[in-house]
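Spelled out, the chains give:
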Amino acid sequence: MSNFAFNSMAEFWAMGGYGFYVWLSFGLSLVALLLLWWTGRQGEKHFRSQLTQRLSREARVRAHQQQSSSVQESADESTS
Amino acid sequence: MLFSAHQLSCIRSDRVLFEQLDFAIDAGQIWQIAGRNGAGKSSLLRILAGLAEPIEGELRYKNQPLTQVQDEFATNLCFIGHLSGVQPQLTALENLAFWRACYALKPADDWALLAQLGLAGLEDIPCQNLSAGQHRRVSLARLWLTAAQLWILDEPFTALDVSAIAQLRQRFIEHCQHGGAIILTTHQALDLPEIPVQQLTLEYRW
Amino acid sequence: MGSVYLQTLRRDFRLMTRQKSDWLNPLMFFLIVLTLFPLGIGAKPNLLREIAPGIIWIAALLSVLLGSERLFRQDYKDGVLEQLVAARAPLFPYVLAKISASWCASGLPLLLMSPLMALLLGLDSKAYWAMVGTLIIGTPLLSLLSALGAALTLSAEKGGILLALVILPLYIPLLIFASAAVEQAGFGLGYSAQLAVLGAMLCVALAGVPFAVQHALKLNVG
Amino acid sequence: MFKWLDPYAKPQTLFNLLGRWQRVLMPLGWLLLAIGTVWGLGFTPPDYQQGDSYRIIHIHVPAAIWSMGAYSSMAIAAFIALVWQIKVAQWAIGAMAPIGAVFTAIALWTGAAWGEPMWGTWWVWDARLTSELILLFLYLGVIALQNAFSEQATGDKAAAVLALVGVVNLPIIHYSVEWWNTLHQGATITKFAKPSIDPSMLWPLLICIVALGVLFGALVCQRLRTSILRHEQHRPWVRQWAQEQA
Chain B
1 MSNFAFNSMA EFWAMGGYGF YVWLSFGLSL VALLLLWWTG RQGEKHFRSQ LTQRLSREAR
61 VRAHQQQSSS VQESADESTS
Chain G
81 MLFSAHQLSC IRSDRVLFEQ LDFAIDAGQI WQIAGRNGAG KSSLLRILAG LAEPIEGELR
141 YKNQPLTQVQ DEFATNLCFI GHLSGVQPQL TALENLAFWR ACYALKPADD WALLAQLGLA
201 GLEDIPCQNL SAGQHRRVSL ARLWLTAAQL WILDEPFTAL DVSAIAQLRQ RFIEHCQHGG
261 AIILTTHQAL DLPEIPVQQL TLEYRW
Chain D
287 MGSVYLQTLR RDFRLMTRQK SDWLNPLMFF LIVLTLFPLG IGAKPNLLRE IAPGIIWIAA
347 LLSVLLGSER LFRQDYKDGV LEQLVAARAP LFPYVLAKIS ASWCASGLPL LLMSPLMALL
407 LGLDSKAYWA MVGTLIIGTP LLSLLSALGA ALTLSAEKGG ILLALVILPL YIPLLIFASA
467 AVEQAGFGLG YSAQLAVLGA MLCVALAGVP FAVQHALKLN VG
Chain X
509 MFKWLDPYAK PQTLFNLLGR WQRVLMPLGW LLLAIGTVWG LGFTPPDYQQ GDSYRIIHIH
569 VPAAIWSMGA YSSMAIAAFI ALVWQIKVAQ WAIGAMAPIG AVFTAIALWT GAAWGEPMWG
629 TWWVWDARLT SELILLFLYL GVIALQNAFS EQATGDKAAA VLALVGVVNL PIIHYSVEWW
689 NTLHQGATIT KFAKPSIDPS MLWPLLICIV ALGVLFGALV CQRLRTSILR HEQHRPWVRQ
749 WAQEQA
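Chains as they are written, first to last, in the numbering used here: chain B, 1 to 80; chain G, 81 to 286; chain D, 287 to 508; chain X, 509 to 754.
Just so you know, the hints here were simulated from the structure itself, not pulled from any lab data. Be aware that a few hints might be false.
Said to hold, decoys possible - Listed next, the in silico SDA-like pairs over lysine to any residue satisfying Cα-Cα at most 25 Å (straight line): (1) B:LYS45 - G:VAL96; (2) D:LYS504 - D:ALA375; (3) D:LYS504 - X:ILE651.
Can you build the whole structure from these sequences, using the hints too?
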């Protein structure tokens with residue numbers, strides 16, 4: 001690896017007068033890549049919360065079915 | 081065994097419609113698929129007709145996997161779904177001619193067939209001018225055209241009047257007595273004492 | 287197979303005579319777009335002549351695209367396609383017949399209208415014949431690609447705009463070479479290379495697109 | 509044939525495998541990217557013609573290369589999905605498309621930011637810029653098509669067909685460089701000719717190219733994992749996994 005190509009940090013930020021363009025392209029690219037990574041992570045989290053919701057919904061349905069069937073049974077018993 | 085399903089599962093829009101379904105149909109039989117609305121009857125029929133793929137499971141035609149004998153199966157199948165398959169801007173005769181070409185059937189007297197189905201005088205007007213019941217009759221005319229052994233019918237009796245229902249029943253009996261097999265859904269009682277009718281009930285699932 | 291092809295072709299021509307707006311509306315759209323350009327940029331004969339190839343081809347792309355949305359829609363809604371997919375064998379000749387009929391309804395009229403376009407935009411005879419050549423090779427390619435788009439977006443909820451989004455990028459090579467050929471002819475240069483490339487693209491599309499359309503129809507019905 | 513593909517086609521196995529790959533590739537990709545950009549930005553000599561503006565190359569070229577690479581991988585996945593009917597390959601298309609689209613957008617954007625000081629304009633209708641733009645449209649078409657259906661499976665299959673059709677466009681993109689004379693420079697690195705840039709400048713560029721490739725792989729793993737879960741959510745193993753996570 002060669003030495004630092006700039007004499008000072010100020011020169012480094014200035015990029016020989018092209019600082020605006022260089023930092024603009026690198027900054028935006030980094031933001032875009034980070035966004036990709038972040039949305040990917042969010043996607044998994046979102047799915048997990050959806051799945052938990054779904055599981056609890058299924059549990060509710062099962063509970064309801066059991067309840068109604070037991071009510072049905074007791075009704076059958078009372079008529080007999 | 082003419083046609084059988086093994087361990088079929090189907091999922092539509094994240095909902096499991098049915099799982100590990102088994103059944104088999106032989107020549108001369110009628111299977112009636114029953115179940116509440118949304119239980120997956122139509123989806124099952126579409127899978128059986130090869131229009132949709134099951135998420136799991138296998139179909140067998142004459143004891144061979146369907147994937148290997150798909151062409152043979154398709155030529156021996158008559159599927160009528162809840163869509164009529166009738167192009168509304170064409171006349172009944174023109175629709176019949178198109179089907180004949182598609183199913184590679186020989187030309188015959190379509191006028192007589194349509195008259196038999198109670199469509200005399202309506203043969204050459206566009207189907208969009210027909211009533212719902214007449215439209216359905218044109219669609220069901222395929223059952224009189226086809227030489228296929230296996231019929232898969234989705235609610236064939238909807239919109240039909242009493243005489244048409246009787247005629248269709250008669251056709252079912254004829255078909256089964258000549259070695260045909262029918263899989264259908266209907267909310268009506270089938271009431272066919274001559275034919276062994278099997279029931280398959282799909283439970284509505286969450 | 288041949289009988290399904292002929293029967294479908296006859297059926298489509300019959301439908302065309304009964305539903306004239308289906309193929310007349312895109313043609314009217316084409317003419318109106320051609321008229322809009324001179325109105326938008328001013329009636330400068332030289333400028334118009336210069337950009338005429340591009341204008342003609344963009345208008346042609348859009349009008350064919352507009353007409354193709356209805357290509358399979360009716361048959362899908364009525365369940366005719368379902369029947370064909372279930373029966374398997376007749377689907378391929380049906381697709382070929384549909385594409386042929388759609389070319390007769392959209393590409394052929396464009397070809398017949400080409401003298402009118404030349405007149406409106408002031409093309410000279412060399413450029414005109416180049417345009418006829420590109421239209422002969424290019425419009426079947428247009429019909430093929432639009433059929434593919436129509437088949438792919440068949441059961442989608444937002445069919446029309448999606449079709450444009452999906453298919454327009456695939457039109458770009460055609461647009462480039464077709465308008466380049468007309469432009470070259472306008473300068474008095476040879477344009478057989480461009481026509482050859484267009485011809486090659488047409489051959490590739492002819493070999494592949496009908497199968498892709500068939501596959502797309504199957505998966506949309508399923 | 510291609511029996512070795514079988515274990516990768518089984519969603520649960522692939523899910524676990526992707527998890528392991530992602531844990532390695534994700535940090536590695538970011539690390540390499542950090543090394544490559546810092547080296548490229550600070551420790552290479554400026555170009556004798558373009559000065560320091562050429563440093564944009566370290567993000568522009570890798571993004572452009574991988575925008576094409578992503579499309580090719582998508583087309584390969586589409587081919588596998590259509591020929592062998594492997595569902596995971598269909599889902600991979602959906603995982604790759606947004607990443608490829610972002611890479612394409614980066615290539616376009618950095619190209620514009622490089623063009624402004626060099627050519628004095630943000631945008632020129634040059635062959636490679638134009639074909640990159642078309643590539644972006646192709647990506648957007650695939651994404652739009654995939655999300656347009658009420659039945660997700662239809663969208664996946666339709667996107668596979670479109671990706672495969674669109675790949676026909678890639679060679680045309682490539683040869684268009686030769687067909688049109690443009691302002692754009694010729695290819696900087698080619699397989700056959702000697703590289704026209706100094707080795708001291710080449711290394712950080714190569715590192716950046718590898719970094720973006722690794723990052724692409726890692727991001728695909730991440731998205732494909734979620735996609736597998738979504739498609740397999742009715743299976744017991746997914747529910748078990750969710751309970752373990754909670």
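Structure-based check of all given hints:
{"no.": "1", "hint": "B:LYS45 - G:VAL96", "in the structure": "holds, 23 Å"}
{"no.": "2", "hint": "D:LYS504 - D:ALA375", "in the structure": "holds, 12 Å"}
{"no.": "3", "hint": "D:LYS504 - X:ILE651", "in the structure": "holds, 21 Å"}
Consistency note: the structure conflicts with none of the earlier hints.
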